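Visitor: Based on the sequences and whatever the hints tell you, model everything.
From first to last, the protein sequence lines are chains B and L.
The opening residue of the first sequence carries number 1 in full-length UniProt numbering; numbering runs sequentially from there.
The opening residue of the second sequence carries number 1 in full-length UniProt numbering; numbering runs sequentially from there.
For the record, the hints were derived by calculation from the structure and aren't laboratory data.
If you're wondering where the values come from, they're calculated on a predicted model, not measured in any experiment.
A virtual CB, placed ideally from N, CA and C, is assigned to each residue, including glycine.
This list has only true hints and no planted wrong ones.
Covered by chain B, per the in silico footprint, the following chain L stretches (three or more residues, Cβ under 8 Å):
no. : stretch
1   : 368-382
2   : 470-484
Okay, derived cross-link-like pairs now, SDA-like style, lysine to any residue, Cα gap no bigger than 25 Å in a straight line:
no. : chain 1 : residue 1 : chain 2 : residue 2
3   : L       : K336      : L       : K393
4   : B       : K106      : L       : L286
5   : L       : K336      : B       : P81
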Amino acid sequence: MADAASGSQDRSVQVKLVLLGEAAVGKSSVVLRFVSNEFQANKEPTIGAAFLTQKCRLEDRVLRYEIWDTAGQERFHSLAPMYYRNAQAAVVVYDITKASSLEKAKTWVKELQRQANPNIVIALAGNKIDLVQPSSTSSSSDSVDAEDEADDATATPGENGETGENLRQVPRDEAEAYAQEAGLLFFETSAKTGEGIVEIFTEIAKKIPIEQILASSRGGTRPGAAGARTAGQEGGVNLEQNAAKDKEGCNC
Amino acid sequence: MSKTPRTPRSRTPSRVGTPIRITGGTSGSPSRLIPPVPRLHSAPSVSSLRVHSAGYNSTIQTPISTSPPNSSIHGDSSSSSAVNVNQTEGILIQEPEVEVEATSGEDGTAGAHIENTALDDVARRQLRDHLRRTLTDTDASVAESGVRPSRHRAKSIEGDEVHIHADSYPPRQYFVLTDAGKPVFVSRQEVEESEAFTSMMGLMQALISVFLDDGDKIRCINAGKNRISFLLRPPLYYACVSAWGEPESVTRFHLEYLHLQIISVVSAEQLRRMFERRGNFDLRRLLSGAERFMHSLLARLEFDLAMSTSSLSCLRIDPNLRKAVADVLVPTSKIKDVLYMILLAQGRVITLVRPKKHSIHPSDIHILVNTIHAPSIVNSSASASWLPICLPKFNSSAFVNAYVTFMRHGQASVDDTAPMSPTVSASVQGESEETVVAQDGSVETEGSEPSSTSERPPTPHHAPEFGLVCVSGQADFEAVRSWCTSVTEKLEREGLLKAMTDAMHKGKTTYTVSDLSIPGLRHFVYKSRPHVQVTMPEYDEPYNDNNEKRRLITLYQILHDNIHAKSGQESTLKLQYIRTEHESVMGWITQPFELYLALSPLIPKSAAINAANAIARWVSKEEKRLFLRDAPVF
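Guide: Right under this line is the structure:
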């Protein structure tokens, strides 16, 4: 059994990724959505850090994300360097309904840019957009975009118009402008509905200097056997499919 | 009769009649326990104090009497004096039975917080006198507190009575506050939201301060059925309100554990430094997310007899299997700084390996086990968690790293790829039988697991999952991870996980009293003193009901308390027998073991003795399977 598992790793590229951000912004939920395509309401706070892996296929490559989902609580802050030290990618998450969480995100970005691997790919993710959307019944992404554009225009007249955009504390424009300025990938996401989650990891995958990683780790990884049988078909997310909303589509 | 069981016990009446017993902390070093003067500022005013104390209780009546300084401290010395256990290089460290009066923690930091803005002596004396008057004034104290069940308004009951009411176990309430009166933790949310909360905290802080002023430490207040016990671990104060009739030492022991749990999160050193810097530091912020640990710890403390006997409860398993597993866990020379490798199942230790020079404290294991069973770790879809933890008995000022991974037979070998498959958690659900999830998570629901992943109780004792914990001093996660991965693969490859899973499914890892076929025996707890481990059967009729179980455990605790003279009894006992209308219980301590047993109340006392002997014989026959006797060291 073990052999089968290890055999599938042969051609995959390992990408170390760390999630950072204030407590309760939804870091673990973002990862859970990506790794298991699940969502749990009222998730318990992460303790220390959790380690997860997920395979992705990007074109003809298989990426194996090794994800460090860190705890957001203040007392764990000092441990963060241990996790981002060798990371090739970081997802810094904030909560669009909480302005202070963006400020925290900015300090994380600063810290990463100062102390992490200089080539690190950083993505900024504004989570919980489901809270400012009218209703989950319309999953068409067009209406979602329209919603975001509307920002502080008249509140959505939908069923929950009252709680809709009013909850938003971080305008999309503002965060996006900051992301551009700081050279980050930017997404607004909902771990609850799954919106935008796979996109984060896809875009990161595209930006990661894969060849470089391969070159540097070539010594370490075992020389691949017959490459025809990549695990991507069975074990990974197919990133090309991210448009498909099919629940089963992107897991295993 | 129902309230006063016939108890042929040898307690001395001298301890009995004082509703408020304050015993001296003066044997410590009073000079370092100078009252934290400035904090009196933040306490409620004198007049408001009176009001709240009135609300506090209805039955405090006699003048406060301070018993002689030495009358009820240092139970630990007496427990160890009873029997001298020879322990050389054991796996577990024999902990002093009573840890609550260890003075070091208490005194160490008290001095740091004394500032100069002294309230003048007169005012202080006035406050103190007033407080005493208020506490003494029965008329003023009829008002009911909003948070306490009013049915407990009763005539003052002599302290020595054993209140055993099968139907009245209102949840105990626990409070943690800083010595500046700031709340840190409250066990019941609704209390925190109630209006009286702030003043309640203020009152506690004031009460404690008043006694500190006299160079004394308040231990407990007996008020009707309620007992409020206190534990002072500056900069933190702990309090527990309980109406269960358990000995004072029990709730104080719970408070001590609560303290250990807090230390495990922030470390004693960090705690000290923070409060040194800022006396009114708000610890809640730093502990956020860790409240869960404390709730689950309290739930454990309610029923876990291994914790209350300061020992460990290991999984009953074939000794050869245990040995084989332990051999796999021994770290290779490549991996450095490993402190302990522990394999758990059903919430119990299967085996643990350790460096030659470090034995392990049972309380460290309990804290560790409680921590890693937090829902965010045990229910996580992550393949592993990595958390910093301070093991208070190992080193209270430093953190170690714990690598934690949960696995199942049939899944462990694919450690690397498992987490990406969402079917992992689906299969967990599929296998589970329908079970009633007990409210406290501690009910023995055999061979099944809670059906809902999101609503799991804090301690899923019976999920047939293995937990592998590697405690290491170094921060090189990758090295530890690859080592642990190789361990889990090896456990699977050698069929050890399968063998253990089979044993668990077949119910071989537990037993019931009927396996012993001793007439009239309902339950027992056997502590092997050299091994520092306990063994006990599953709770059977009638103790599968939670309140019945609480009654039994309370009786055990009374025996334990008396045998070890933990609450200031004049001397320890060798044997005690109590008969109530529900059952008769007996506690017996000898050199190699401590035994507590419960029998039908109809059984004569002589039969109890025979039963105890029969248990001892059975255990010594089964010893190899029941206890973790030797594990490899490295």
